[in-house]
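Chains as they are written, first to last, in the numbering used here: chain X, 1 to 110; chain B, 1001 to 1114.
Be careful, since some hints might not be right.
Unchecked claim - Derived DEER-like restraints, expressed as beta-carbon distance ranges:
1) X:Met10 to B:Val1114: 34 to 40 Å
2) X:Asn30 to B:Lys1055: 23 to 29 Å
3) B:Glu1087 to X:His40: 20 to 26 Å
Unchecked claim - Derived, one-sided and incomplete: chain B residues facing chain X with beta-carbon distance under 7 Å:
4) Ser1015
5) Leu1044
6) Gly1102
Hints are computed from structural coordinates only; laboratory data are not their basis.
A quick note: this is a predicted structure, and the numbers were derived from the prediction, not measured.
Cβ atoms here follow ideal geometry from the backbone N, Cα and C, with glycine treated the same way.
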Amino acid sequence: DAKTTQPPSMDCAEGRAANLPCNHSTISGNEYVYWYRQIHSQGPQYIIHGLKNNETNEMASLIITEDRKSSTLILPHATLRDTAVYYCIVKTGANSKLTFGKGITLSVRP
Amino acid sequence: GAVVSQHPSWVICKSGTSVKIECRSLDFQATTMFWYRQFPKQSLMLMATSNEGSKATYEQGVEKDKFLINHASLTLSTLTVTSAHPEDSSFYICSASLGSPGYTFGSGTRLTVV
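So that you can see chain B by itself, here it is in the shape it has in the complex (with noise of 0.2 Å):
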């Protein structure tokens, strides 16, 4: 089945750093991402959604600035947190979808910012 491969599965970084996360479909060309954060005892909330070839569309409330998101491939979907804090400290997760039946996510990145 379609797999989607989320690169690094944990980072710490000190405050003020930046962090880049990738996403890859690995089986399948995926022309939409989307990225999803999530606090500790919290539901999954949508931050973005990229799309190849074009800019990201971020959901209200979500800087734009500050989550870099880069969608140069069908393959490829990055977001980099820029001049992390700590209460950018999340679970990050991304998802593409192959069309039908469902969406398939990436296992997750867990950042935490020191």
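Same shape as in the complex, but just chain X (with noise of 0.2 Å):
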């Protein structure tokens, strides 16, 4: 599966959008853009995924460019419970593994 890169922080105020960058540059046409979150001590929780369309549900949107080499997750009105780590995952097929980089920490203050 294609390799991504994420920065490694970000903040972002309360009742603001939080736009998550990730890069992955080497992504084949058959690999999905996934992304989850894992609060605290918890385990990690699913967030949304995507092809090449741009997608949108009741927690967030994703933004895929044209090239596919990169994406933004986007929630649109970040709150305190939003504070997490933020992986951008991209694989093949339904039941293939997941593999875990390192994240973005979002840090949203009040």
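With the hints as a guide, bring the two chains together.
Encoded structure:
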């Protein structure tokens, strides 16, 4: 599976949009982009995934560039409870294994 | 939604003893489950892929005789840490796939070996 690169950390103000970038320049045509987050001392939580079209659900939006070499996870109105480590992962298939990188630590400040 | 229940949530054991961790899919059948280990301030590291009715597939560097995985039914996978040592102290997490959209993770087990 393709490797991803994320900044180590970022912060944003509560109520503002949080835009979390991810580079995956070696992604192949059949690989999806997945985002998970892990709140301290809990199991990871699925957020969203996409192949090439932008996606939106109740939690977030995923913007994938046309060349698919990078993507941005958008939390439209960040809350303190969104403070977590966010992982961007690219992988093929529904049952293939998830390999976690270091992720990005998002800190939402009051 | 899909729920994965992991038990126990924390355990303390003496060095040299074995500890079993259970991972159950509560409202779906999981032919494949995954086991991860996470040390403080580090990312999750995949240990093994557990397949119902067959042997688990271990990642490179993970001792299969030390970390025994059994996936005897479509709703239960277990990880047994045998002859535990203090360096095995970690946060162990399981996950299962419903196919789509993503994987569901258990809440994790904090193992402390004293």
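Each hint, compared with the structure:
1. Separation of methionine 10 of chain X from valine 1114 of chain B is about 38 Å and conforms to the stated range, judged on CB atoms against 34 to 40 Å.
2. At about 27 Å, the CB distance of asparagine 30 of chain X to lysine 1055 of chain B agrees with the hint of 23 to 29 Å.
3. Distance hint check: the CB atoms of glutamate 1087 of chain B and histidine 40 of chain X are about 23 Å apart, consistent with the given range 20 to 26 Å.
4. The beta carbon of serine 1015 of chain B is not positioned within 7 Å of any beta carbon in chain X (closest approach about 24 Å), and the interface hint is therefore violated.
5. Using the Cβ-Cβ criterion of 7 Å, the hint placing leucine 1044 of chain B at the interface with chain X is satisfied: the shortest such distance is roughly 4 Å.
6. With its C-beta approaching chain X no nearer than about 4 Å, glycine 1102 of chain B sits inside the 7 Å limit, and its interface hint holds.
Against the hints set out earlier in the document, a violation occurs for number 4 only.
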